[in-house]
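Colleague: Join the two chains, each given in its own frame, into one complex according to the hints.
Sequences listed follow chains Z and U, in order.
Residue numbering for the first sequence follows my numbering, beginning at 1 and increasing consecutively.
Residue numbering for the second sequence follows my numbering, beginning at 1 and increasing consecutively.
FYI, nobody ran anything at the bench for these hints, they're computed from the structure.
Don't take every hint at face value.
[Said to hold, decoys possible] To give an idea of the chain Z side of the interface with chain U (calculated C-beta under 8 Å), a few residues:
(1) P8
(2) W11
(3) D83
[Said to hold, decoys possible] Lysine to any residue pairs mimicking SDA-like chemistry, simulated, CA-CA at most 20 Å apart:
(4) Z:K88 - U:F207
(5) U:K238 - Z:I6
(6) U:K190 - U:L237
(7) U:K190 - Z:L9
(8) U:K190 - Z:K88
(9) U:K190 - Z:T5
(10) U:K238 - Z:A16
(11) Z:K88 - U:G163
(12) U:K144 - U:S212
(13) Z:K88 - U:S166
(14) Z:K88 - U:E167
(15) U:K238 - Z:T5
(16) Z:K88 - U:D165
(17) U:K238 - Z:L12
(18) U:K238 - Z:K88
(19) Z:K88 - Z:F77
(20) U:K117 - U:Y143
(21) Z:K88 - U:L164
(22) Z:K88 - U:K144
(23) Z:K88 - U:V208
For every residue, glycine included, the Cβ atom is placed at its ideal position computed from N, Cα and C.
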Amino acid sequence: MAKRTIEPLLWLLFSAGGVASAMLIPALALLFGVAFPLGWLSPPSHEHLLAVVLHPLTRLVLFFLFMLSMFHSAHRFRFTLYDGLQIKHLNEVVNLLCYGGAVVGSVLGAYLLWQIG
Amino acid sequence: MNDRITMQVARYLPEGDAELSYQEYEVPYPREWVVLDGLNYIKDRLDGSLSYRWSCRMGICGSCGMTVNGEPKLTCATFLADYAPGPVRIEPLQNFPVIRDLVVDTGDFMRKLTSVKPWLIREEEKPLSEGEHLQTPAELDQYKQYSMCINCMLCCAACPVYGLDSEFVGPAAIALAQRYNLDGRDQGSKLRLDVLSDHEGIWGCTFVGECSKVCPENVDPAGAIQRYKLTAAMDSLKSFLMPWRGS
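So here's chain U without its partners, still in its complex pose (with noise of 0.2 Å):
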């Protein structure tokens, strides 16, 4: 318990900082200390000013995402002892503003997320008096993987093209969209093929496939995108041939 590891938080307060500093505090490290443990040690003992998001410390609120010697990463699922002897270093995550310490805004990843129309999309609803909508484990199979996602950014902060283009809608919400698509008692793929096949959408995705190595859920957001590619590119070379059926 007398081990101590060198934690170089960011540190920056929208009122008078121009840019990140770094400060450096000494925490303690068992075994089972994540990132977060570190963090919250310092909020309660060293500096009560850290700001910082968390929640659950069990990796299903996706709060805790920050960048972690460089790396996109669930903090409380980060164990310190692995960066032993250290110094680490907390940053918050990449290709967001930052509004302060390590709290970023996330209000461009939500605006983008609910343009995707993530809900179940009816043509018609089925009245109560018909019972449910019933799925065999192998239609459950389809999007169960893409419904893990617990909103996390992880994905948007390790996509080199979701910083660079403010446009691209981001693996999080692909991913999402997927989701519903392959539900099968979801109506609404021709919507979302709207909102996703404009050049923006997946088309400025080039595969890069950091998404899917930081993703903490496995979701493989970039799988995601590949396979959506294709449909939307079949569904696309459709309507050009044959431009009497229309949509």
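For reference, chain Z alone in the conformation it holds in the complex (with noise of 0.2 Å):
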């Protein structure tokens, strides 16, 4: 057996991120950031999405994809640091800073969730 590592765990995080980053992010992001100010599709009213937003499925999902995505960035962002800035050295700070990171913003996320409605 090999030296248990968590990286693959981490790279599990980064790539289930990355998936559901691409997919849903770009959607979500062309509905509420550009169809529906310009007007192209007509906006739900204000109730009904408030009805679908504290529905728990909605908020699981919008959990998973905060807290994928985040750890996406956070993986990212740990190899661009150690590739971009060569620091591979402070090899525990980086690691704490990143995934630190996305743990303290899961952790926003899923409160902000529980607090709608």
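Modeller: Following this line, the structure appears as structure tokens:
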């Protein structure tokens, strides 16, 4: 058995985050950032949207989207720092900042989702 | 035949030079001449002191990889006329220590290559009397692409991570490991996992993708690495969630 490392799990989060954010965020951004404000599509009413967001399944999907996207960017940023700035010797600090940031962001996301409604 | 192109060739003598220098040679470049023909012309007619590796001149031996105008290329498969009017700059492969002129030290590459146990591993040998291991064309297709690697090291020369991180095992070795992992006759994937799933094995790869771009045999090492990452990650997840299953 090789030494147990957390690297494969971090990569799975990175990978899942890449897929989730690439599939969902452009769709959400197009709808809420472009199509509704410009009147291309008639936006749903506030009550309707609130009802959708209040559904536990929607909150769960949004939470996973936030969380995975943040782990994705943390992983990407970590390797950018390693290779771009050549600071691999600061491994532990970089890991703490990147993944710690993702954890804090996820908790914050969960709190905001919880606060709705 | 009167047309000539300038080749700027990197020169380096370990006993004297602190850095690479460039020497210019004028060589003919008929339509069918590759960069290696130009180097052989220099060696035979202009300057016998030039050192470089080559053997088959037909894209099989993998010895003549060099940096041509900044890109890793097999010099036997790169036409001089494509660089007209020139000059064309020939340098040793990047990411490897230079021994002399265009010759690089392959020691580190070979060590990494053997570390992934690139041979068929059987838990128990089948006796000869039982005949050969038969494979269907579909089973062959699983790994055939990765078996086309000629160890020319262009992928490692193109990989920025290989250059930055001396412990990273590199695209060629991972693609070669996949060649055996995906072979139905092999039973050694667990052993290879131990080498590859540690941090510098596969996780060092940041999917730049240059390795697959420069591969002269279309092996797609980047694809091999991504596929292997998924295999290793799922394996790791399984042993994390079901530790009693062991390994």
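Colleague: If you draw a straight line from the CA of K190 (chain U) to the CA of L237 (chain U), is it 20 Å or shorter?
Modeller: With a Cα-Cα distance of about 15 Å, the restraint between K190 (chain U) and L237 (chain U) holds, given a limit of 20 Å.
Colleague: Would you mind confirming whether the straight-line C-alpha gap from K88 (chain Z) to F207 (chain U) stays at or under 20 Å?
Modeller: Holds: K88 (chain Z) and F207 (chain U) sit about 18 Å apart, inside 20 Å.
Colleague: Between K88 (chain Z) and S166 (chain U), does the CA-CA distance stay at or below 20 Å?
Modeller: 12 Å, holds
Colleague: For a C-alpha distance cap of 20 Å, please report whether K88 (chain Z) and E167 (chain U) respect it.
Modeller: 12 Å, holds
Colleague: Are P8 (chain Z) and chain U close enough, Cβ to Cβ, to be under 8 Å, as the hint says?
Modeller: 4 Å, holds
Colleague: Does L9 (chain Z) sit within 20 Å of K190 (chain U), going by the straight-line distance between their CA atoms?
Modeller: 18 Å, holds
Colleague: Can the restraint linking K238 (chain U) and L12 (chain Z) be considered satisfied, given a maximum Cα separation of 20 Å?
Modeller: Holds, at about 12 Å.
Colleague: Keeping to a limit of 20 Å between CA atoms, is the pair of K190 (chain U) and T5 (chain Z) held or broken?
Modeller: At roughly 16 Å apart (the allowed maximum being 20 Å), T5 (chain Z) and K190 (chain U) satisfy the hint.
Colleague: Given the hinted pair K88 (chain Z) and G163 (chain U), is their Cα-Cα distance within 20 Å?
Modeller: Roughly 14 Å separates the two Cα atoms, so the pair holds.
Colleague: Keeping to a limit of 20 Å between CA atoms, is the pair of K238 (chain U) and A16 (chain Z) held or broken?
Modeller: 17 Å, holds
Colleague: Would you check the hint for K238 (chain U) and T5 (chain Z), treating anything up to 20 Å between C-alpha atoms as holding?
Modeller: Cα-Cα ~13 Å, so holds.
Colleague: Taking 8 Å as the limit, does the beta-carbon of D83 (chain Z) come near enough to a beta-carbon in chain U?
Modeller: With Cβ-Cβ at 6 Å, under 8 Å, it holds.
Of the hints listed earlier, those the structure fails to meet are numbers 8, 18 and 22, in rising order.
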